[in-house]
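Participant: Required output: the full structure, derived from the provided sequences and hints.
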Amino acid sequence: MGMVFNIALDGLSYGMVLFMISVGLSVTLGLMRVINLAHGGFALLGGALMHGLTFQLGWPFALALPVSVLSVTLIALPMEYVFFRPLYGKGDLTQVLATIGLTFLMIAFVNWLYGSALLGIPLPPSLRGTVDLGLRTLPVQRVAVIVTGMVVLGALYGLIERTRFGIWLRASVDNRAAAEALGINTRWVFAATFALGAGLAALGGVLGAELMPIEAYYPLRYLVVILAVVAVGGMGSVWGAWFAALGLGLIDTAARYALPDFGTIFFFAALIVVLALRPQGLSGRAYDV
Amino acid sequence: MFEAWLGRMGAPVALLGVVGLIAFFAFPYDLGFLTRILIMMIFVLSIDLVLGYGGIATLGQAAMYGTGAYAAGLFAVHISANPLLGLLIGAGAGAGVAFLSGLIVLRAHGLGLLMLTIAVAQILHEIANKARVVTGGADGLSGIRMAPLFGRWHFDFIGQTGYLYALAVLVLVMVFLRALCVAPLGLTARGIHESPVRMAAIGVPVYGRRVLIYTIAGGLAGLAGALSAQVTALVSLQVFSFSLSAEAVVMLILGGTGRLWGAIFGTAIFMVIHHLAATADPYNWLFVIGILLLGVVYFIPGGLMGVRQRLRILFGGQG
Amino acid sequence: MPVGLGVGLQLRGLCKSFGGLAVAQDLNLDLPPGARTALIGPNGAGKSTLAQLITGCLVPDQGMVMLDGVDLAAVSQAARVKRGIAKTFQITTLFAGLSLRENLRLAVQEQRGQGARWFGRADRCPEVEEIIEFQLARFGLLGLADQMVGRLAYGQQRLVELALTLCLQPRVLVLDEPAAGVPMGEIPMIVEALEGLPKNLAVLLIDHDMDLVFRLAQHIVVMVAGTILAQGTPAEIATNATVQRLYLGEAFDA
Ligand SMILES: Nc1ncnc2c1ncn2[C@@H]1O[C@H](COP(=O)(O)OP(=O)(O)O)[C@@H](O)[C@H]1O
Ligand SMILES: [Mg+2]
Numbered sequence: 002m003g004m005v006f007n008i009a010l011d012g013l014s015y016g017m018v019l020f021m022i023s024v025g026l027s028v029t030l031g032l033m034r035v036i037n038l039a040h041g042g043f044a045l046l047g048g049a050l051m052h053g054l055t056f057q058l059g060w061p062f063a064l065a066l067p068v069s070v071l072s073v074t075l076i077a078l079p080m081e082y083v084f085f086r087p088l089y090g091k092g093d094l095t096q097v098l099a100t101i102g103l104t105f106l107m108i109a110f111v112n113w114l115y116g117s118a119l120l121g122i123p124l125p126p127s128l129r130g131t132v133d134l135g136l137r138t139l140p141v142q143r144v145a146v147i148v149t150g151m152v153v154l155g156a157l158y159g160l161i162e163r164t165r166f167g168i169w170l171r172a173s174v175d176n177r178a179a180a181e182a183l184g185i186n187t188r189w190v191f192a193a194t195f196a197l198g199a200g201l202a203a204l205g206g207v208l209g210a211e212l213m214p215i216e217a218y219y220p221l222r223y224l225v226v227i228l229a230v231v232a233v234g235g236m237g238s239v240w241g242a243w244f245a246a247l248g249l250g251l252i253d254t255a256a257r258y259a260l261p262d263f264g265t266i267f268f269f270a271a272l273i274v275v276l277a278l279r280p281q282g283l284s285g286r287a288y289d290v
Numbered sequence: 029m030f031e032a033w034l035g036r037m038g039a040p041v042a043l044l045g046v047v048g049l050i051a052f053f054a055f056p057y058d059l060g061f062l063t064r065i066l067i068m069m070i071f072v073l074s075i076d077l078v079l080g081y082g083g084i085a086t087l088g089q090a091a092m093y094g095t096g097a098y099a100a101g102l103f104a105v106h107i108s109a110n111p112l113l114g115l116l117i118g119a120g121a122g123a124g125v126a127f128l129s130g131l132i133v134l135r136a137h138g139l140g141l142l143m144l145t146i147a148v149a150q151i152l153h154e155i156a157n158k159a160r161v162v163t164g165g166a167d168g169l170s171g172i173r174m175a176p177l178f179g180r181w182h183f184d185f186i187g188q189t190g191y192l193y194a195l196a197v198l199v200l201v202m203v204f205l206r207a208l209c210v211a212p213l214g215l216t217a218r219g220i221h222e223s224p225v226r227m228a229a230i231g232v233p234v235y236g237r238r239v240l241i242y243t244i245a246g247g248l249a250g251l252a253g254a255l256s257a258q259v260t261a262l263v264s265l266q267v268f269s270f271s272l273s274a275e276a277v278v279m280l281i282l283g284g285t286g287r288l289w290g291a292i293f294g295t296a297i298f299m300v301i302h303h304l305a306a307t308a309d310p311y312n313w314l315f316v317i318g319i320l321l322l323g324v325v326y327f328i329p330g331g332l333m334g335v336r337q338r339l340r341i342l343f344g345g346q347g
Numbered sequence: 156m157p158v159g160l161g162v163g164l165q166l167r168g169l170c171k172s173f174g175g176l177a178v179a180q181d182l183n184l185d186l187p188p189g190a191r192t193a194l195i196g197p198n199g200a201g202k203s204t205l206a207q208l209i210t211g212c213l214v215p216d217q218g219m220v221m222l223d224g225v226d227l228a229a230v231s232q233a234a235r236v237k238r239g240i241a242k243t244f245q246i247t248t249l250f251a252g253l254s255l256r257e258n259l260r261l262a263v264q265e266q267r268g269q270g271a272r273w274f275g276r277a278d279r280c281p282e283v284e285e286i287i288e289f290q291l292a293r294f295g296l297l298g299l300a301d302q303m304v305g306r307l308a309y310g311q312q313r314l315v316e317l318a319l320t321l322c323l324q325p326r327v328l329v330l331d332e333p334a335a336g337v338p339m340g341e342i343p344m345i346v347e348a349l350e351g352l353p354k355n356l357a358v359l360l361i362d363h364d365m366d367l368v369f370r371l372a373q374h375i376v377v378m379v380a381g382t383i384l385a386q387g388t389p390a391e392i393a394t395n396a397t398v399q400r401l402y403l404g405e406a407f408d409a
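If you're matching them up, the sequences are chains U, A and B in order. Count the first sequence with my numbering and you get residues 2 to 290, in order. Count the second sequence with my numbering and you get residues 29 to 347, in order. Count the third sequence with my numbering and you get residues 156 to 409, in order.
I should point out that these hints are in silico values taken from the structure, not numbers from a laboratory. Check each hint, because a few of them may be wrong.
Listed below are the simulated SDA-like cross-link pairs for lysine to any residue, each with C-alpha atoms no more than 25 Å apart in a straight line [said to hold, decoys possible]:
#1 A:Lys158 to U:Ile273
#2 U:Lys91 to A:Pro224
#3 U:Lys91 to B:Ala251
#4 U:Lys91 to A:Val225
#5 U:Lys91 to A:Leu320
#6 U:Lys91 to A:Ala85
#7 U:Lys91 to B:Met303
#8 B:Lys237 to A:Pro224
#9 B:Lys237 to B:Thr248
#10 B:Lys237 to A:Gly236
#11 U:Lys91 to B:Thr248
#12 U:Lys91 to A:Phe327
#13 B:Lys237 to B:Gln165
#14 U:Lys91 to A:Gly323
#15 A:Lys158 to U:Leu212
#16 B:Lys237 to A:Leu131
#17 B:Lys237 to A:Arg218
#18 U:Lys91 to A:Ser271
#19 U:Lys91 to B:Arg306
#20 A:Lys158 to U:Leu251
#21 U:Lys91 to B:Ala308
#22 U:Lys91 to B:Ile246
#23 U:Lys91 to B:Thr247
#24 U:Lys91 to A:Lys158
#25 B:Lys237 to A:Val225
#26 B:Lys237 to A:Leu240
#27 A:Lys158 to U:Tyr258
#28 U:Lys91 to A:Tyr235
#29 A:Lys158 to U:Val225
#30 A:Lys158 to U:Leu260
Facilitator: Listed below in structure tokens is the structure:
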């Protein structure tokens, strides 16, 4: 019983981290059809910035977190303009290659700043303890990650379903030409979505640093996992990414607890089964948000 | 006139052999490194067949390379030290894995396809890691001893036999691929790359042909893996790694896809720059390759071979 | 021998919807060998969809496509081509990066069952090259044979579209607006090619060009909103009041 509970808790928090990191990639992929292998790099940038602010400069966690996330969001804007615009409409492979190149540059950059060691992010005391729920005590950090993940999901839902920006976004995903004909500035929608996705990746990177430690090779080390979430979830789908992230997070965690000898086999077996049955991923339509 | 003659006589491939021999005499102390380049060329050629000609985006060709390496290694350890037989076993194993995984993988497109190719390689990596009784796990498969080639040439420490052996296999692979590219199946591959929709409309069973091309390329990748196992007498888990697949794709793009000579030049240039830059500082190397990649994609989309049109003409039609 | 040999293509109760939009509603049509049937109707009527249902590119929600009395439900698109059903595309779909000759070669080598051969040169098979030359000559494309198809003018690409399909030597030929986008001067070439087709070939011609339709068709089917509104000989259709009011009389966009 205790093990099932631990698996659920760890699996959920791992899944939520994967969700936050991957959702931006999924939506931008649905929107601009750019396979951005450098997306994990934004999580790395967020984590590295966080490390610099808290560990080196001694900023409080609560201040450094929003500053890091916001900075990455702002950095993403010019990057979208310079690197990604020329890639829209290019072949899969061109995009893959360009964004691998970008990933290498991000890795080299972080290494130039901090070297190749693990970049620790000290947790504030408030996140370090446990919380007593009567039945059990839970590590605060895990609970905080799960709550944040749910808040992000809720906020994205609200943004997409309830705001004008959401209408523009959905219209642009469905049919870019028609959206433009309606006077929607799809370029701006693209850029804003891209930056938002990058910010969320940074948030996920920082909050998930316990499970996925920040270091220069981060974007390559977790590349496959991030892409798996997007592919299983179906591109352009917030819900798909959420389900896929939680499902894969739980499967991977359960396998590690129950059958540690088999490592990541279950993760990839699940990936193959889903994609063999549904090459488009879980979300019904390829264009779904 | 002269160029046409060169092209027709299959001279470019002979030229490859000659350059290989010159390198043999010019760099007698770097034969180990040069041999790795030759093997990598075969591997990158196999990716060119899948990706450049067949238009199948893959980041998991290492699955077949690794399978070929382990198959040849295990064959040498347990059954026979005959190198040529081992090569056949490696190629067969690579083709077998490509065929079986291709049946699943090739049903998908775009990102799903990329992910599936990666997943197959990762699963094989994990299996090789866990089956340590058979494969040696993370320590690698050792104890590979090859019998002399044709019963005469021993695999020596300096690597002379290994180098010439790899060069001969590369030349044969090149001859095979040049023939394949002008054969009906080669044209079919290019057609599928251009427009799968139209291919179906002219009666081509696109899925089946993709599986066929993937299987042939898998055989070549297995061949490369087998060669590496035999020449280095070691198989490590690295043979299944994502970075092997990804780097090989980078080499191909650098040289130019859909051109056999693109694979050759891309590999040579990448490996040499890597050798020079990485010995200095591995991160320095990442910076170099990152810039190189962005440069190729944004400024010379056809790869080096796209720029070197004149070289292409010089080396004959298909190059 | 199958019972229905010689009855050609038969459509029975075909239905197809995209979401809530019914683009084919209980369509029935016979296309016996030698048929010269035209399918006309306004944009969005479902003509191209019907063509795709015939080739197997789309799967019907209900109903059957039969060739010589055999239900084709389980026959893939590629296998239908081998049984003699071929279609041209309304929107040109060619191998843009290959030469004109290579485009046709792909079709001919596949039709002859050589498409998966690893050996021999694709361009050294005399029988294949002969068919290619014949089709190129028929459309006046010989001079362009070694050009990359993506670089040809759109009108020329339309001719290639037709030549490519004829290389398959079909028994049932579906032409989806073959003349759309072809300059006036080159339309006679299409008419001539279509008039020169083997007599026992069944042709379904989808087009807006009334000259072409009345010139070639012996039977005309009028389709509106997924249903067949009227059918008959060209003379009947030309005088049909409903058709005139709904369609022929009005200006419509091609
Ligand atoms: N794949 C599809 N998905 C959804 N709607 C489609 C699809 N293909 C065609 N349609 C719709 O079906 C209708 C009929 O299209 P089509 O058969 O191309 O008409 P026609 O060829 O007569 O102009 C149109 O309204 C078109 O928008
Ligand atoms: Mg149409």
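Participant: Holds or violated: are the alpha carbons of U:Lys91 and A:Gly323 at most 25 Å from each other?
Facilitator: It holds: about 15 Å lies between the C-alpha atoms, which stays within 25 Å.
Participant: With a cut-off of 25 Å on the C-alpha distance, tell me whether B:Lys237 and A:Leu131 pass.
Facilitator: Between B:Lys237 and A:Leu131 the Cα gap is close to 23 Å, so the pair holds against 25 Å.
Participant: With the threshold set at 25 Å, check whether the alpha-carbon distance from U:Lys91 to B:Ala251 stays at or below it.
Facilitator: Status holds; Cα separation ~16 Å.
Participant: Would you mind confirming whether the straight-line C-alpha gap from U:Lys91 to B:Arg306 stays at or under 25 Å?
Facilitator: holds (19 Å)
Participant: Taking 25 Å as the top limit, are the C-alpha atoms of U:Lys91 and A:Ala85 close enough?
Facilitator: holds (13 Å)
Participant: Holds or violated: A:Lys158 with U:Ile273, Cα cutoff 25 Å?
Facilitator: Cα-Cα ~19 Å, so holds.
Participant: Taking only the CA atoms, is the gap from U:Lys91 to B:Thr248 under or equal to 25 Å?
Facilitator: Cα-Cα ~19 Å, so holds.
Participant: Mind checking the alpha carbons of U:Lys91 and A:Pro224 for me, to see if they're no more than 25 Å apart?
Facilitator: With Cα atoms ~18 Å apart, U:Lys91 and A:Pro224 stay inside 25 Å; holds.
Participant: Decide if the proposed pair is consistent with the structure: A:Lys158 and U:Leu251, CA atoms, cutoff 25 Å inclusive.
Facilitator: Holds, at roughly 22 Å.
Participant: Please work out if U:Lys91 and A:Ser271 have their alpha carbons no farther apart than 25 Å.
Facilitator: Measuring from Cα to Cα gives roughly 23 Å; hence the hint holds.
Participant: Is U:Lys91 close enough to A:Lys158, meaning Cα to Cα at most 25 Å?
Facilitator: violated (40 Å)
Participant: Given the hinted pair U:Lys91 and B:Ile246, is their alpha-carbon gap at most 25 Å?
Facilitator: holds (21 Å)
Of the hints listed earlier, the one the structure fails to meet is number 24.
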